[in-house]
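Sequence order for the protein chains is A and B.
Under this note's numbering, the residue at position 203 of the first sequence is numbered 203, and the numbers go up by one with no gaps.
Under this note's numbering, the residue at position 31 of the second sequence is numbered 31, and the numbers go up by one with no gaps.
Rather than coming from a laboratory, the hints here were simulated on the basis of the structure.
Please note that a few of the clues may not be correct.
Said to hold, decoys possible - Label-pair ranges, simulated between beta-carbon atoms:
| id | chain 1 | residue 1 | chain 2 | residue 2 | range |
| --- | --- | --- | --- | --- | --- |
| 1 | A | Q222 | B | Q49 | 19 to 27 Å |
| 2 | B | L107 | A | V51 | 44 to 52 Å |
| 3 | B | E91 | A | T164 | 44 to 52 Å |
| 4 | B | V102 | A | A83 | 28 to 36 Å |
| 5 | A | G183 | B | L129 | 47 to 55 Å |
| 6 | B | E75 | A | Q222 | 27 to 35 Å |
| 7 | B | L129 | A | A83 | 22 to 30 Å |
| 8 | A | G183 | B | E79 | 38 to 46 Å |
| 9 | B | C122 | A | Q207 | 36 to 44 Å |
| 10 | A | K160 | B | V102 | 25 to 33 Å |
| 11 | B | T172 | A | Q61 | 18 to 26 Å |
For glycine and all other residues, C-beta sits at the position ideal for the given N, C-alpha and C.
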Amino acid sequence: MKDSLSLLARIPAHPDSRCWFLAWDPSGTLLASCGGDRSIRIWGKEGDDWVCKSVLGEGHQRTIRKVAWSPCGSYLASASFDATTCIWKKSQDEFEVRLSLQSVTWSSPSHILTCPRGSQQNKCCSGLWDSAACSACRTALIAVWCIAGVVCSGADPSWKCICTLSGFHTRTIYDVAWCRLTGALATACGDDAIRIFEEEPLSNPQQPTFALTAHVPRAHSQDVNCVAWNPKEPGLLASCSDDGEMAFWKYQRPEVC
Amino acid sequence: SRGRWPRGAVSLRWRSGRMSLVSGLLGRVLWLSGLRSGYHARGSPAMEQDRALEVYDIIRTIRDPEKPNTLEELEVVTESCVEVHEIGEDEYLVIIRFTPTVPHCSLATLIGLCLRIKLQRCLPFKHKLEIYISEGAHSTEEDINKQINDKERVAAAMENPNLREIVEQCVTEPD
Numbered sequence: 001m002k003d004s005l006s007l008l009a010r011i012p013a014h015p016d017s018r019c020w021f022l023a024w025d026p027s028g029t030l031l032a033s034c035g036g037d038r039s040i041r042i043w044g045k046e047g048d049d050w051v052c053k054s055v056l057g058e059g060h061q062r063t064i065r066k067v068a069w070s071p072c073g074s075y076l077a078s079a080s081f082d083a084t085t086c087i088w089k090k091s092q093d094e095f096e097v098r099l100s101l102q103s104v105t106w107s108s109p110s111h112i113l114t115c116p117r118g119s120q121q122n123k124c125c126s127g128l129w130d131s132a133a134c135s136a137c138r139t140a141l142i143a144v145w146c147i148a149g150v151v152c153s154g155a156d157p158s159w160k161c162i163c164t165l166s167g168f169h170t171r172t173i174y175d176v177a178w179c180r181l182t183g184a185l186a187t188a189c190g191d192d193a194i195r196i197f198e199e200e201p202l203s204n205p206q207q208p209t210f211a212l213t214a215h216v217p218r219a220h221s222q223d224v225n226c227v228a229w230n231p232k233e234p235g236l237l238a239s240c241s242d243d244g245e246m247a248f249w250k251y252q253r254p255e256v257c
Numbered sequence: 001s002r003g004r005w006p007r008g009a010v011s012l013r014w015r016s017g018r019m020s021l022v023s024g025l026l027g028r029v030l031w032l033s034g035l036r037s038g039y040h041a042r043g044s045p046a047m048e049q050d051r052a053l054e055v056y057d058i059i060r061t062i063r064d065p066e067k068p069n070t071l072e073e074l075e076v077v078t079e080s081c082v083e084v085h086e087i088g089e090d091e092y093l094v095i096i097r098f099t100p101t102v103p104h105c106s107l108a109t110l111i112g113l114c115l116r117i118k119l120q121r122c123l124p125f126k127h128k129l130e131i132y133i134s135e136g137a138h139s140t141e142e143d144i145n146k147q148i149n150d151k152e153r154v155a156a157a158m159e160n161p162n163l164r165e166i167v168e169q170c171v172t173e174p175d
């Protein structure tokens with residue numbers, strides 16, 4: 001378990017501030033980060049190094065809390081404590097603000113973004129994968145949910161909790177991310193650690209069991225706010241923290257005993 | 001006491017084999033022997049007491065948002081309201097339970113904010129901070145506790161110029 005998650009690089013993405021969120025673009029070649037310094041940075045790989053390709057600084061007056069790419073990869077949405085959402089259009093390496101909105105809901109097949117404060121719909125679903133979803137919360141529990149029943153008429157399908165992972169995290173879990181390529185589940189925790197879980201190979205899909213396959217206790221020097229799996233490269237994980245840093249990790253499923 | 005143990009059931013999983021130990025006496029024994037990360041019983045009480053005094057020294061001079069007195073003078077905070085536990089190498093969990101002077105929600109959250117901001121700025125050692133209203137001090141205690149420990153809300157509040165100004169006035173030491 002010791003070497004299953006290894007550090008590839010650590011970058012001061014938002015120095016003297018917090019890095020709140022990370023999002024990979026659909027092609028997996030660009031990573032957007034946002035933070036308390038009111039800027040968004042777009043990162044790309046040049047050779048072996050991650051470099052900042054653009055700084056999107058003029059869009060918001062306050063902390064930028066989250067960013068998300070459109071499914072086509074040409075647009076980036078950003079949500080801020082200034083109560084607005086910006087839509088940025090990418091042309092070559094530049095981004096420009098196309099739209100600044102007071103309230104928006106962006107929904108693509110598997111990601112629900114930016115529910116503005118005061119809105120009725122406060123859905124927050126992180127990482128839908130194989131009809132299972134994962135939620136993390138303040139009380140340091142992760143609940144794995146699956147859609148109950150098969151076909152539902154009309155209204156939203158109902159969900160039932162099929163597994164709870166408790167006792168692993170010692171503080172609030174700020175983010176969970178399910179890898180679409182490998183099925184691994186990563187968590188970002190307020191105890192500065194990153195953990196990876198995998199469903200046990202022979203577990204019953206209706207009542208799955210998960211094992212902790214990686215644990216880096218001091219992944220960052222402060223709370224880990226976000227973890228994001230690269231959509232194209234299996235095992236490549238990005239994380240960010242209150243210390244303003246971003247880190248890249250390589251995950252290799254440990255050998256089964 | 002509240003906040004001492006991680007919430008949720010204790011359930012340890014061992015990768016080899018399918019043995020799993022469930023909460024109870026055994027779980028606690030394993031905690032105490034330091035096999036779990038988190039609340040080690042390693043901290044020396046003397047060290048933790050020193051740290052607690054360091055914390056108290058910083059918070060006692062915070063001014064009340066409404067009255068021209070410090071939190072210490074108004075007994076909103078006392079030496080015994082600070083709890084410190086060593087949770088890692090040179091890292092401590094600090095728990096503060098304060099008693100607001102009036103059962104007014106916005107004032108309580110404001111005091112919570114002042115406590116957090118001042119400690120964030122002034123406490124020299126690595127720490128995780130939990131702030132609570134002392135039990136029984138308020139009718140909507142649970143809600144207030146959630147708010148004052150919500151990192152996002154705290155960050156957003158400090159970006160509100162009015163709130164920020166009030167907090168600055170409360171936490172700034174007079175020259």
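Hints versus structure:
no. : hint                         : verdict
1   : A/Q222 to B/Q49: 19 to 27 Å  : holds (25 Å)
2   : B/L107 to A/V51: 44 to 52 Å  : holds (48 Å)
3   : B/E91 to A/T164: 44 to 52 Å  : violated (28 Å)
4   : B/V102 to A/A83: 28 to 36 Å  : holds (30 Å)
5   : A/G183 to B/L129: 47 to 55 Å : violated (36 Å)
6   : B/E75 to A/Q222: 27 to 35 Å  : holds (32 Å)
7   : B/L129 to A/A83: 22 to 30 Å  : holds (27 Å)
8   : A/G183 to B/E79: 38 to 46 Å  : violated (51 Å)
9   : B/C122 to A/Q207: 36 to 44 Å : violated (49 Å)
10  : A/K160 to B/V102: 25 to 33 Å : violated (45 Å)
11  : B/T172 to A/Q61: 18 to 26 Å  : holds (24 Å)
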